[in-house]
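So the sequence lines, in the order shown, correspond to chains A and B. Anchor point for the first sequence: position 262 equals 262 in the working numbering, and the numbering is continuous, going up by one each time. Anchor point for the second sequence: position 214 equals 214 in the working numbering, and the numbering is continuous, going up by one each time.
Please keep in mind that the hints were generated in silico from the structure rather than gathered at the bench. Bear in mind the structure is a predicted one, so any value in this text is a computation, not a measurement. One or more hints might be untrue.
[Claimed, not checked] Okay, the calculated beta carbon distance ranges per label pair: (1) A:Q150 to B:N66: 27 to 37 Å; (2) A:A213 to B:K190: 45 to 55 Å; (3) B:R70 to A:D83: 36 to 46 Å; (4) B:K64 to A:Q79: 27 to 37 Å; (5) A:S91 to B:G11: 20 to 30 Å; (6) A:Q150 to B:E71: 44 to 54 Å; (7) A:E51 to B:R70: 35 to 45 Å.
Ideal Cβ placement from N, Cα and C applies to all residues, glycine included.
2 protein chains.
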Amino acid sequence: MDSCVIPLRHGGLSLVQTTDFFYPLVEDPYMMGRIACANVLSDLYAMGITECDNMLMLLSVSQKMNEKERERAMPLLMQGFRDAAEEGGTSVTGGQTVVNPWIIVGGVASVVCQPNEFIMPDGAIPGDVLVLTKPLGTQVAVNAHQWLDQPEKWNKIKLVVSKEEVKEAYQEAMFSMATLNRTAAGLMHKFQAHAGTDVTGFGLLGHANNLAAQQRNEVSFVIHNLPIIAKMASISKACGNMFNLFQGTSAETSGGLLVCLPREQAAKFCSEMKSQGSGFGGQGAVGGAWIIGIVEKGDRRARIIDKPRIIEVPPRGSQAANQDNSTTSPAPSPNLS
Amino acid sequence: MDSCVIPLRHGGLSLVQTTDFFYPLVEDPYMMGRIACANVLSDLYAMGITECDNMLMLLSVSQKMNEKERERAMPLLMQGFRDAAEEGGTSVTGGQTVVNPWIIVGGVASVVCQPNEFIMPDGAIPGDVLVLTKPLGTQVAVNAHQWLDQPEKWNKIKLVVSKEEVKEAYQEAMFSMATLNRTAAGLMHKFQAHAGTDVTGFGLLGHANNLAAQQRNEVSFVIHNLPIIAKMASISKACGNMFNLFQGTSAETSGGLLVCLPREQAAKFCSEMKSQGSGFGGQGAVGGAWIIGIVEKGDRRARIIDKPRIIEVPPRGSQAANQDNSTTSPAPSPNLS
């Protein structure tokens, strides 16, 4: 499970807790702090938990930074983390900082819950629909952005993408990673989700497999559609599929929730994700959610069909994103008939 | 405070939580795991909390270790951590592991408490007695042990200590660091402790100062006695006091609890620490506790008197340790008259 659930000695309550830490992957320290916090909280949100009682911050300062660099970067990193925590309705009350060769940022999120506050991720049934709440391709976008300064790498992809498009995709990935999955967590209750997880290091298929393996019923997950940040599919193809994006195993950071919803609820979930917005930092950025597959009777595994439909998700703020029914409405359902 | 205390939304309960992580300082990975766990739990014990509902483990594997080294060391490290958690009546249900230039080990300890389960560290009154539950000098012992292989360093101290004594002191420090402060936490309730903290990176005086600064009453802490692992005082002198051991600022790892006790309870606390044993791993190792100072009216600071009495604490298992009234009975009280 994404979080551990510990029954407490007191009145039917449970402690739900998760930790995560990693290395910076975007250049802006403030945004990196937000991403780290969103990534930690996401494990609670994946269980439909919308509240968090406490956060701790885990940090290491790089020994390779000089005093001035530390004084500029670390307060911004911490502020980003704190701001995202505040957006999650919680605060950071402690933590630990060390010196290390590399910068590390992460945290611990804890909440004490009544049983009705969380959704155990094991209730999928045949006929459910799989919904994903953020587009894939964050790893591709972050790497492509680094390649802008590496001619050898850039030459591999310059025929399929412009520098401007890479910068836009990087921005989109950064804002997407910094967006809390809290709205989705709330909607999991409203639309009676049967199970959920979040998509991070193992990629969509990795986490879908984990989730399928935990189901009480004999089900399998079949994925038909892959919503991907615009142009990242082309980049993946141009570099010989090195990210395994179409196989569903490209790592994501602070990815969306993958939710199993009753068939009749999925479209409403997506539509409400759009209208509520899951936007970063209260900036009113649009939210999104896509129907990506179905739950069938099966042996508790997940698979992606041959030639899944690629849904190109344009950057928010772009013309395409501002047209109705482009990124934010649910994609046409896969074989639901 | 050593842990954060978060009032919960449910029935007067509080979430008490702490995290700590650092780099290995002993060679034995199993013992290092135990030390890391004891060090995390110690922040709960310092508040008189004897239970822990959940632990998470934070690990990084060094990228400089080859596959074989990883396979040998990391399972032992994790086992040590788990065994110490089990001794603390809790278990490790989650965590995060990354690859990093250096090995990191640490964790998160969380407990949901009723108000009577923890002792807020702010109730010291003039006349209280200060008790310390582990000897000082772990940093000196660990460094001296490394110097066995560094002739230049070893030459500085070889006139005051034998190799055998350094090895014994290192063993003593390792077992002391791996010992949970849980017994002491329980006795804090039995003997109505007014406040407590644990002694770690800031050294005895650093943590005593922190504790003094938090007191509700206008008090100061005066430290008269320094219980120190045998020979570590001599080593400190021989290397020009480079550790600041006598100033009370030599860093400790997983040090003892510093507890403010009512004057009439302190000797009983020490005597019970001895008879219960605070020993590592149920091996029946002796426990110890020393009266080291008093609480006076003052300006919320701590100080060590000029020429404090050094109490040489012989290694457990040594002849001296097995004689009655050597390490384990409380030292003669400082000016309590």
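Exercise. Just tell me: holds or violated, for the beta carbon distance of A213 of chain A and K190 of chain B against 45 to 55 Å?
Key: For K190 of chain B against A213 of chain A, whose Cβ atoms are near 48 Å apart, the range 45 to 55 Å holds.
Self-check item: C-beta pair E51 of chain A, R70 of chain B: status relative to the range 35 to 45 Å that was hinted
Solution: holds, 38 Å
Quiz prompt | Satisfaction of the hinted span 27 to 37 Å by the C-beta atoms belonging to Q150 of chain A and N66 of chain B | solution = For Q150 of chain A and N66 of chain B the Cβ distance comes to about 29 Å; the hint holds.
Quiz item: Quick one: are R70 of chain B and D83 of chain A within 36 to 46 Å, going by C-beta?
Solution: holds, 37 Å
Quiz prompt | Satisfaction of the hinted span 27 to 37 Å by the C-beta atoms belonging to K64 of chain B and Q79 of chain A | solution = For Q79 of chain A against K64 of chain B, whose Cβ atoms are near 33 Å apart, the range 27 to 37 Å holds.
Quiz item: Is it true that the C-beta distance of S91 of chain A to G11 of chain B lies inside 20 to 30 Å, as the hint says?
Solution: holds, 21 Å
Quiz item: Between Q150 of chain A and E71 of chain B, does the beta-carbon spacing fit 44 to 54 Å?
Solution: Violated, at about 35 Å.
In this structure, only the earlier hint numbered 6 is contradicted, and the remaining ones agree with it.
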